[in-house]
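Q: Sequence:
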Amino acid sequence: MVVTEYGVASLRGRTLRERAMALIEIAHPDDREALVEQAKKAKIIYPDQMFSAECVRLYPSDIASQQTFKGGVKIHFRAIKPSDEEDLRRLFYRFSDESVYYRYFSPIKTMPHKQMQEYVNMDCDRTLSIISKCRLRKMFKT
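My numbering numbers the first residue of the sequence shown as 29 and each following residue consecutively.
The set of hints was computed from the structure by calculation and includes no laboratory data.
Given the structure is predicted, the values throughout are model-derived calculations rather than measurements.
A few of these clues could be false.
For lysine to any residue, the following SDA-like pairs were computed, each having C-alpha atoms within a straight-line distance of at most 25 Å [what the hints assert, rightly or not]:
(1) Lys137 / Arg45
(2) Lys137 / Ile158
(3) Lys68 / Val31
(4) Lys161 / Lys68
(5) Lys71 / Gln94
(6) Lys102 / Ala50
(7) Lys69 / Thr43
(8) Lys109 / Ile159
(9) Lys68 / Gln94
(10) Lys68 / Ser124
(11) Lys142 / Gln94
(12) Lys71 / Val30
(13) Lys71 / Ile159
(14) Lys161 / Ser124
(15) Lys137 / Arg118
(16) Lys161 / Gln94
(17) Lys142 / Ala67
(18) Lys68 / Lys109
(19) Lys102 / Arg45
(20) Lys161 / Glu46
(21) Lys71 / Arg45
The task is simple: from the sequences and hints, build the whole structure.
A: What follows is the structure in structure tokens.
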């Protein structure tokens, strides 16, 4: 875990590209665009990796929250980030054909980087996507 005044990056189990994107997201907003360009030149991230300078300062971190549901299930909600790309791609490949059709309104079979970028890089002042992560509380009886 790396912590800055701009956020927390969890690096365990991540690829080099995923780590770079997570670290860029928690860097000083004034430095992020240059870091993206340097990572592209070093071939750490995709050469067509999108970067929105406007969203750097508009990211709605204030909407993040955690809710606890029946059975102690805790779900953390927050706005989507570019570093969520690989997790969302893995999720896509776990969907049934029917789920893909209902979510994307077509029977697509693949989710390449270029297409996934459109979901994780948004115009922050007009569009918002919320993602969630589930944390199960372990219950032990002694």
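Q: Check the structure against each numbered hint from earlier and tell me which ones fail, lowest number first.
A: 4, 5, 9, 10, 11, 13, 19
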